[in-house]
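Using the sequences and the accompanying hints, generate a full structural model.
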Amino acid sequence: MLLIGSRAILRRFPEFRPPKDWDLIGSSEEIRELGKRLPQVSVKQADEKFTFQYGNAFVEVANSSTSEYWGRVQREFDGEPLWNEPVLGPLRIAPAEYLLLTKQCGLVYNIYHWHKNLEDLYFLKDRLPVIPEPIAALQPLALEDSRRLFGESHAFGALPRTCHPDIELAPRSAMHREIHAVLESLGIATMVGALAWRGFPEVASDVRAGAMERLLAVEAMVLAAEDFRERGSGHRDSQETEFAIGALRQLCTGCLPVGWRYFCVNHFREILALIPQGFLSRLGDLVDGQKVFPHGMKEGLGCDTATRLLLHPAATGAARLPHVASGTACLKRRAASELSCSPLPE
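As numbered in my numbering, residues 2 to 347 make up the sequence shown, in order.
Hints may contain errors.
Capping the alpha-carbon separation at 30 Å, the derived lysine-lysine pairs in DSS-like fashion look like this [as the list claims (entries may be wrong)]:
{"no.": "1", "residue 1": "Lys-21", "residue 2": "Lys-37"}
{"no.": "2", "residue 1": "Lys-37", "residue 2": "Lys-126"}
{"no.": "3", "residue 1": "Lys-50", "residue 2": "Lys-126"}
{"no.": "4", "residue 1": "Lys-117", "residue 2": "Lys-50"}
{"no.": "5", "residue 1": "Lys-21", "residue 2": "Lys-126"}
{"no.": "6", "residue 1": "Lys-21", "residue 2": "Lys-117"}
{"no.": "7", "residue 1": "Lys-45", "residue 2": "Lys-21"}
{"no.": "8", "residue 1": "Lys-37", "residue 2": "Lys-50"}
{"no.": "9", "residue 1": "Lys-21", "residue 2": "Lys-50"}
If you are wondering where the hints come from, they were derived from the structure by calculation, not from laboratory data.
Here it is, written out as structure tokens:
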């Protein structure tokens, strides 16, 4: 069988975090043999995945005999290093570059361990400069598999909150464009044109990614301001960072076209660094005279923990992003952003 997931990352990088469960790919015959050694817990999706109990951990096995994708992955890595696990038997260790793809492909959907997968993605990105062509060829299959698993529920659950020209803002985001105007009046951002959301076709290719990062940083500030006004925060010291990260998560998993969502995932660290610290406290009056925060930044600080967790699932765990929110290059960009009070560094 082929070992994938976090335990495979740990076998490749001993400094990786301790994993919880096991993720494997195996044939129907290998799964039957495993069932003789471990108690079976469940079968998912018509014999596509089987779950077993191994001590205090679960072992989830994707059936390579019923899936063209998993079958190809297992065959592709049949020559990888072998580890003889005492109970599970001989396991091939998937290459780290493929594990990066598996962590990346689900992050445009609101999956259960979203923050943890984002941390894992950047742990691997910081250690893997390139992906070999044979592994890169598996990326379209990995993306399609994630779309098959999560695409339908995403289509019904994503809220229309951005000002992309193809998206009609929901009634709860009536303040969206007004907050854009306030950010512009404060010199924190510029107004966003329709061409920007087409990927800046008029901009030279070598600077296009930076322009797209700045666009998403501005949009994240607007969403964070909306969320802060409506929900408040229970953490005085980290409130702005939590709301900024929560807003970026919404951009990654929301209603933007999937290409934009993957761009946001892959540039999460750079986009976060472009958001100037203190931007929430600088927001003043809206164009219609209504204050963004009528009672100042302390509005909502009285929320108890239970209420905060209920209202802020996107921000929960924001403090657990050391691999995403740090790094030498990122800190330099953050410093430049703070000096200019703008997400558009000179």
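We went through each hint and held it up to the structure:
no.	hint	verdict
1	Lys-21 <-> Lys-37	holds, 22 Å
2	Lys-37 <-> Lys-126	violated, 38 Å
3	Lys-50 <-> Lys-126	holds, 28 Å
4	Lys-117 <-> Lys-50	holds, 22 Å
5	Lys-21 <-> Lys-126	holds, 21 Å
6	Lys-21 <-> Lys-117	holds, 12 Å
7	Lys-45 <-> Lys-21	holds, 20 Å
8	Lys-37 <-> Lys-50	holds, 17 Å
9	Lys-21 <-> Lys-50	holds, 18 Å
Checked against the numbered hints above, the structure violates only hint 2.
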